[in-house]
Structure formats: C-alpha cells, structure tokens
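Trainee: Given chain A, work out where chains B and C should sit, using these hints.
Chains as they are written, first to last, in this note's numbering: chain A, 1 to 196; chain B, 1 to 487; chain C, 1 to 61.
Derived from the structure by calculation, the hints contain no laboratory data. There may be inaccurate statements among the hints.
The following label-pair restraints were derived from C-beta to C-beta distances [unchecked claim]:
id: 1; chain 1: A; residue 1: Glu-189; chain 2: B; residue 2: Val-118; range: 49 to 55 Å
id: 2; chain 1: B; residue 1: Arg-342; chain 2: A; residue 2: Asp-160; range: 44 to 50 Å
id: 3; chain 1: A; residue 1: Leu-187; chain 2: B; residue 2: Arg-434; range: 31 to 37 Å
Glycine is no exception: its CB is placed at the ideal position from the N, C-alpha and C atoms.
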Amino acid sequence: MNKASILFIGFLITLATSWIGLVLLPASHYNTQAAQLPTAFFTNQEIIARGQQVYQANGCIYCHSQQVGTRHFRSDQERGWGNRRTVSTDYLRDTVALLGTMRTGPDLANIGIRNPSPQWHYLHLYDPQLTSPGSIMPPLRFLFEPAKENPSADAFTLPDGRRIEPTDDARALVAYLLSLKRSQGELPEAFEPPPK
Amino acid sequence: MTDSTDSSIDPAAIERSRRERIVIDASARGPIIHWLASAIFWLLLGTLLALGASVKLHDPEFLANNPWLTFGRVRPAHLNTMVYGWASGACVGVGLWIMSRLCRAPLRHGWSLHIAAVFWNIGNAVGTWGILSGGSLSMEWLEYPAGAAPWLLAAFAVATWQGVDMIRRRPPGHIYVSQWYLFASLFWFPMLYATAQVLLVWKPVAAPAQPPINWWYAHNVLGLWFTPVCLAAAYYLIPKVIGKPIHSYFLSMIGFWSLAFFYAWNGMHHLIGGPYPAWLISVSVAASVMMLVPVITVAVNHHFTMIGNFGALRWSPTLRFVVFAAMSYTVVSVQGSLTAVRAVNRITHFTHYTVAHAHLGMYAFVTMMLFGAIYYMMPRLLDREWPSAALIRVHFWCSAVGVLFYWGALSYGGLEQGLNLQNPDMPFMDIIARTLPYLRMRTWAGVLMTVGHLAFATSFLLMLFGKVRVVSTPTLFIRPTAKTNPA
Amino acid sequence: MTLSFVLILLILVGFTVTTVFIFGWAARTGQFSDLNAGAKTVFSPDEPEGESTDSFPDKKI
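Isolated chain A (complex conformation):
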C-alpha cells in the first residue's frame, strides 16, 4: 500500500464499477426508451411545464411523493393513491422525475384523478387549513393576489369575505397538479398478481 499510483488505480476502479452499474446502465436504458417514443409524447402544455417549475421551486418534493407502491409491499393502493403501482414508463414524459422523499403529506402521483377540482386546489394552496384542518403544510399565500377591478374567472372568496385570485404561478401549479394521473391506463410492466 505504498505506491500512490496503485492506490489511485484501485479507487478509480471501485468507483467505475458502481458508475457502470448504477449510472450508465439506467441512463442508457431509459434514454433508449425515451428516444423510441414519438415526439408528440413529450409535448407538455407550456402551462403544465411552468407549473412543474413552481412545484420544484417551492420544494413540494420534501413532503409529497409521486410514486405508488405495489400492493404487497405498501398500502398506497388501499389508501386510494392509485389503482396500480407506478413504473418507470409513467415518468418518461417528465423532464425531472419528482419522486419525492417524504410523506409528510399524501402521495400526489394521481392527485389529478383524486382531486380534480381547481377550486379545491386554490383554496388548499392559499391556506391548507381551509380545506384540511390540522394540516402542517405551509400556506402559499404568495401565489395569490387580491382580486382586481375586473376579477378573473377563477377569483374566489375567502371565509372572511376577501376576494382573491390566483397569480399565473398558481394557475400553472394547479394545471400541473391536475395533470398528475400517472396510474391511468394499464401497463404490462405494472402487472401485479391479485392479492390472495
């Protein structure tokens, strides 16, 4: 262990092996899959893409996951978070896979199916206590503004009587959330044997 050059080769090799297994293989596999998809598959409406950026900028992933597990492993499906597990194909359309790392809040993979009402989302984002008392989600009031002289169609009234309307960021975020319907449709790789 006295030759620096041997050490150097050694620790290069160890990192390289895991790089091949955990970085190169997944990257080439999914890049190939993505390349085989028709370009139309990736056309996200601009508003949904912007909404995803608002989701990223405000750190939604730190409390919300977007992945439905298998029935035998987790109770996600029994909770109503999806009618099947999500598989990697379900994320091919995204630019960033926002799988999330904690469930301080519910999973959002299929929130567009579960909560399809924009009005509910606007209320919830403005102040989560209004729709979900006891929630520890932060209020995102800064995504809203007082209703203007000519209020927009999605302006709404708070319980205390004030009229507010969403900013474009809020509209985009809600459009993104409503687009989350990952478990829609059957996929052969998502097949699970029925529970006993």
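Mentor: Only chains B and C this time, still in chain A's reference frame:
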C-alpha cells in the same frame, strides 16, 4: 527523514522533527483557517435555517408569508449549506492539514487555497441565494442552481491538486491509512459531483434515470467523501491524542478496500419500493448489508486502540468529540444496513425516521468528528490555547445531548408514522397529528445544538481575535503527568 | 436487459481478477511485510509513541 519507529531520545532528532512540524503548521495556518472559518460561518447560517425549517413543520404559519422563507425552500437551503458550506468546507480544511502532517510536506502556494476558499464561498452563496429565491433544482443534495457548480468545482480542483502535491512529496516508506482515505476522497468527490452535474443538470438524462443517478451521487457523497475524510481524522487523531498506534493496520486495509467497493453500490436503497426493476434495488440492498464488513472492521480497530485509554476522555476535548463521532459511525452504519432490508424499509421509508438517521450520520458522526479535529488543529495552527474550557464543555454536551435527543425523538416518531402509514384505515391527518409532539421535541433538540454551535463559534472567534495567552512553542498542551493521565 | 446482466457479470469478473492480481503483486513485493511500522507513521521524535498531545486548556500541572 524522520524515522518514526525509532523511539530515540536523541535531542537533535527531536529538535529536527519539532522544527519540521512547526514549518508544516505554519504553512497551513492562513489557508486552512480561511477554510475553517468559512465553514463555521456556513454552520451558523445552516443552523438558523435548520431551526426555521423545524419550527415550520409543527407551526406552519411561522414566517410563512414570505416566499423566500417557505418551508420548501428553507429545508433544501439548510441541507445544501450544511453539506457543502459547513461539512465539505471543514473536510477540505481538516483533510489537507492531516495530509500535510502525514506527508511531512508543508502546504505550498497557499494563495491558491485562499482563492479556492473564496470561490467555495461564492459558490455556496450563489447556491443558497438561488434556492431561497426560487431557483432550486429540486433534486436532493443537488438543489443549488446551475450557477453554483462551476465555483465549487474550481475550488475543489485546487484542493485535489494540493493533496496530490503533498502526496508526491511524502517521505519514502509507508503511506498511512488516513492518507489512503484522504487521497481517494479528494478524487472521488469531484468525480461524483461532476458526473451528477453533467447527467442531471447540464445534459439531463431521461427522467426515470435521474433518481438512480441522484441517489448514486448523494449516497456516495456520504460514503466516499465525508466518511473517508472523517475516518482519516479518527485514524490520525486517536493515536496522536493517546500516544498509541492503531491496533491493527491490516484491519484498516480491509476496512478501506471493502468501503471503497461496497459503499459505491448502496445508493438505490433510497428508492426501495419505487418504480424500478428489482435487480437495481436488490444490488443496493445487498451492498448495504455488506457494509457491515468495513464498519465492523473500523469499529473493532478503533475500540481495541482505545481500550485502556478511555480515561483520556476526561482530559482531551478532541478525543471526546472524535470518540463520540466514531461510535456514532458504527451505530448509524449498522442502522443503515438494517434499514436497507426491504422488510424494515417498508416501514421507515418516507418517514421522519430517515431524517433522524441522516442526522445521526451527518451530525453525530461527520460534524462531531470535524469539531474534534478543529479543536486539535487550531492551537497548533495559531500557537495559542483555546480561551475557555467551559465553552468547550458547553459545546460538547449541548451537541452530544442535542443530537441524541433529536435522533431518539424523531426515530420513534418516524417508526410510529411508518407503521401508521401502512394502516390504510388510519386517516392521513391523524398520522400527521401524532407526529407533532416529536417534531416539537426535534426543535428543542435543535435549540440545544444551536447553543453548542454558538459556544463553538465564540471560542473560535476569541481564539482568532481575542487576547489569549500566547506561548512560543507549538506544543501548548502540557503533557499530562501520571496524575492527570491514567493511561 | 440481458445485455445489462452480461455486462455486469463481465465487470464483476474483471474486477475480481484485477483485485486478485493486485493482491498477489502486493504480497510478492512485500507490501504486507511490516504492517505495524505503518501504524507508527503518525508519531515522530518530538511527538513520540507513548506520549499524549492534547488536554483541556484549564488542566494545568
């Protein structure tokens, strides 16, 4: 040059080696203290962000109306300032000093390290500002917007070059275990960071491939950057403080190579149950369990080195932090191996238990080890003593008790949360309500840790700028006599 | 997927062979001959083995 195995009482040899050590410490003084002081600044900022994030989880209205302070931005800002600003910055400072000591090679071209420290700070400032202003990339451990990476990589390139420069000037003979770890980590980190930046930020791969790469990166930063530097510190400081060599050099070799091989395959255990093929997850679960090999090796080595010397914990501040950290390394790693098993992960994934585990690693192991190293280094770099033993004691006890309380409360709360999540009949809001007491306990633990950090920062500043007793020789700590040193 | 498995298998075999080779080289060139000497490199004549080098600032003799 210096034959360290010769226990001669030749005064000329002693004087030669003393002068060599003075030169080395003097060469490191400016640049290393620049890195350490910067790291401590980020520690304090990161602590503030941590308190904010913690309070917001049980009191969501706290400072909620400003978008810069929304939880979803404060939380990643906390993580990144701590990972890059505090821990990585301190690792560079500590690592390069230990390297210079072991290579018997003074740091040359210190100006380059000063510039590197400035670049490092700019990168962290750009990154933190970027996250808080709404530019987070929303990838764990990689949230700094793209503008930060070039500064960080450029700064780190200097650190790697300095490490190589010292390795090449080392005396012939053995390369000590700490040097292997440091040498390796100085290359591993930039390789990891550059790969992640290219494949996730600059030329992003297809979306499903991103989480594997993300977690390959994040977990390897823990295992191939922080762990090697901190183990290098332990392998150097424990023998230096107690005056006894490492128990088994052969074991340390096994520990190094098994860490290098197994650790790099662990990353996918963050994605258990996720939308990935089983083989990808299983290889990481297997590698995570195999980590027991290097971890137990290191634990046995450190324990048998310390045996008979635990009394030293009474009179050595460095040793307190270092031994606490080394024991935490064993605990958090064994916990990690167990948590990677699917049957356990099923319960713990997505819960506060994981946050507790992360802090046991990054704080109880990494941060406490860095504290211990800094307590050893500063008097030797500055020719001064620490101004107050009381401040050191406050720091140690607040940090140690704080992190253990943090870990206990959140682990228990997280396990309960996980079990509840598996019960589809329990309403989600009820699960959240039950975690609140533990989240409040975590805030109190955080307050305790903050007090410790303030004590530490105060000591550091007083030592840099205050009027403390200056002694002419670098070895200030009077060697304990048989009365004070039961070893 | 089969190509991936073959690739991984080849890499692991290659890695094992390289490791065995390097260990063989190390044993032959005497890297393991004096392990304990390596452990003592942290010491020097002015900070020798057997003497400690740290204490609390208020612990004066």
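Trainee: Among the hints numbered above, which are violated by the structure, and what are their numbers in rising order?
Mentor: none
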